[in-house]
Amino acid sequence: MGILEVKNVGKRFGGLQALGDVNLSIAENSVHAIIGPNGAGKSTLLNCLVGKLIPDTGSVMFDGQSVLGRKPYEINQMGISRVFQTPEIFADLSVMENMMIPCFAKRDGAFQLNALSSIPSQRDMIERAEHMLEDMNMADKRAMHAGSLSRGDKRRLEIGMCLSQEPRLLLLDEPTAGMARADTNNTIDLLKQISEDRDITIAIIEHDMHVVFSLAERITVLAQGTPLVEDTPDNIKGNPKVREAYLGETQDAA
Amino acid sequence: MGLTKKDFTLLIIVAILCVFAPFILNPFPEGSAMAQFNAGYPDLMQRLVIFGIFAIGFNILFGLTGYLSFGHAAFLGVGSYAAIWMMKLLTMNVIPAIIISVLVAGLFSLLVGWISLRRSGIYFSILTLAFAQMSYSLAYSVLTPITGGETGLQPKVNDPRILDGVLAAGETPRANLFGLQMNQSYEMAVGNWVFTFNAGYYLAAIVMLIAFYISIRIFRSPFGMMLRAVKSNQQRLNYTGLNAKPYTLAAFVISGMYAGLAGGLLVAMDTQVGAERMFWTASGEVVLMTILGGAGTLIGPVLGAGFIKYMENIVSKINKSILEQWFAFMPDGIEDLLITLVYPFIGKGWHLTLGILFMLVVIFLPGGLVEGGQRIGRLFKRKKPADDKPDGKTTPAE
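Taken in order, these protein sequences are the chains called A and B. Using my numbering, read the first sequence as starting at 7 and increasing by one per residue. Using my numbering, read the second sequence as starting at 69 and increasing by one per residue.
These are calculated hints, taken from the structure and not from any lab test. A couple of the hints might just be wrong.
[Unchecked claim] Computed spacing ranges between beta-carbons, pair by pair:
id: 1; chain 1: B; residue 1: R446; chain 2: A; residue 2: S31; range: 55 to 61 Å
id: 2; chain 1: A; residue 1: H216; chain 2: B; residue 2: R446; range: 58 to 64 Å
id: 3; chain 1: B; residue 1: G189; chain 2: A; residue 2: R204; range: 35 to 41 Å
id: 4; chain 1: A; residue 1: I60; chain 2: B; residue 2: S205; range: 37 to 43 Å
id: 5; chain 1: B; residue 1: Q104; chain 2: A; residue 2: S156; range: 53 to 59 Å
id: 6; chain 1: B; residue 1: I194; chain 2: A; residue 2: R204; range: 45 to 51 Å
[To be verified] With a Cα cut of at most 16 Å, we get these calculated EDC-like pairs of lysine to aspartate or glutamate:
id: 7; chain 1: A; residue 1: K112; chain 2: A; residue 2: D146
id: 8; chain 1: B; residue 1: K313; chain 2: A; residue 2: E80
id: 9; chain 1: A; residue 1: K247; chain 2: A; residue 2: E236
id: 10; chain 1: B; residue 1: K299; chain 2: A; residue 2: E94
id: 11; chain 1: B; residue 1: K299; chain 2: A; residue 2: D98
Every value quoted in this text rests on a predicted model; they were computed, and no experiment measured them. From the three backbone atoms N, C-alpha and C, an ideal C-beta is built for every residue, glycine too.
Chain A extracted, bound-state conformation (with noise of 0.2 Å):
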């Protein structure tokens, strides 16, 4: 039983079926890769998990609990960070209180009225934050406007609002595209010795065939809104009918 469980999910856009009938088994503590051609269903798949969308038919359920019909934020309280394809961070704030407000999340939960407690006396907090920006190696930038950051140093902001909840599962949405070569590597060796340090379930839907074979520890093909199957690197590196729908193309590319 792994720790998030997805069964006979199906998603239907007016005339269009995005998920067909998606069976998905992630392990605790493992690194999972889904990928697949432009129009699979990744991203459509990666909605129905956060709360972002409603599947029409099956079930997801998240350590024995049902994610269906819960708002993003509460599925976000359960335990599931989700980081997104373009960085989504606090662009008018300052790279610590966007480490902060994660922090905060964690303590608090959804709503707090602490109006008139000031900052500075949210010592554990404050720790905590500083915290996490060594780890993330952004202790230097603590005071710059996030919004300025360089497109690496978002994604690693980012990674690490995620990490500073100390989510069970972190559902990472092509965390390197649009990022050169260097960027890509460093996020790589990130993602790694998150997955080696933390007791974290990674999912990860990516297309640069170098992350995915870097990282993942079971792959999921997806086509056409249908898992085509599901194994270990390796294997699917040599399975003819992954190669035929899916890898025969990129490998030049990647």
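Add chain B to chain A, keeping to what the hints say.
Just chain B now, kept in the frame of chain A:
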């Protein structure tokens, strides 16, 4: 007091300006040509600080969360009506009136906010505008038994006022603070200058300072940080396990309570209220004040409110004969020309002057008067460390 040194300094500066406002706003001797620009009379000073409160509250919603309400005058009006009813039923003491105005406006804004915050952006603004106009229309017509309709409300001699004793014959009910009448003033003549110290003004100024202090605390609290996060990226906020709705609703209610407080104080100073107080132009005015002064800054809304109320009361009083007096030293032809040129911008044309100034500020100083002050501060930075606050030149209020 839980403030950083910088914030504390700002609060102290505002407090000093409030205390000495009767001097600061009356720089010109009586009877001089410039006496026209004196703003140190009670009615205007009261308005400066009361609308300062209104704008400070509005800024908590608009400046922090970015939700632009076009209906805040409704809360001001509701607060005013609640206050006047306290004066009719309970006592002419202003304390119950002020407290009830905050509570009633808070409840009303809870209702309006709960409904309006189902939408964001322009739809939210339109919903709040619709609510405010509805309130105005109701107050003007259907609710006449409660609001006095067209004539409005004011305390009458034969109102019940269960806590007050019976008025002596010929006495009129006057707003007071435990016997200290709000319209009581002490005048001090120094040479050609006359300075007026008014009880109502000082009460309003103290309330404004408390309101300003609370607003600083909110800005610097984790709650304030979350409100700025709402403005910055709601998507990330949702996926960080935070529910934006109660945060925005709390900000809405707090700003509604500030508006109610301003409404209650208006009644405490001048015991009457009419529905026009809730008209949409009044809601628009507080938006102008906040943007003109600097949305999202601490002192900006106070400056904006002071600036607009000063313009409204001073520029609108300049008339043709005053212009003739000013330009009398010019040769006839040029005098007539100057008067013709300046005339559209004064008196009833003060809106034109305000509009032009507003455009100039929005185009050249998107951060409002506060940004102007910061730029001036930066010019002098080498001489002395720049302060967060603009200098006195741009601050007719306080």
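Results for each hint:
no.: 1; hint: B/R446 x A/S31: 55 to 61 Å; verdict: holds (60 Å)
no.: 2; hint: A/H216 x B/R446: 58 to 64 Å; verdict: violated (48 Å)
no.: 3; hint: B/G189 x A/R204: 35 to 41 Å; verdict: holds (39 Å)
no.: 4; hint: A/I60 x B/S205: 37 to 43 Å; verdict: holds (41 Å)
no.: 5; hint: B/Q104 x A/S156: 53 to 59 Å; verdict: holds (56 Å)
no.: 6; hint: B/I194 x A/R204: 45 to 51 Å; verdict: holds (47 Å)
no.: 7; hint: A/K112 x A/D146; verdict: violated (24 Å)
no.: 8; hint: B/K313 x A/E80; verdict: holds (13 Å)
no.: 9; hint: A/K247 x A/E236; verdict: holds (12 Å)
no.: 10; hint: B/K299 x A/E94; verdict: holds (13 Å)
no.: 11; hint: B/K299 x A/D98; verdict: holds (9 Å)
Against the hints set out earlier in the document, violations occur for numbers 2, 7.
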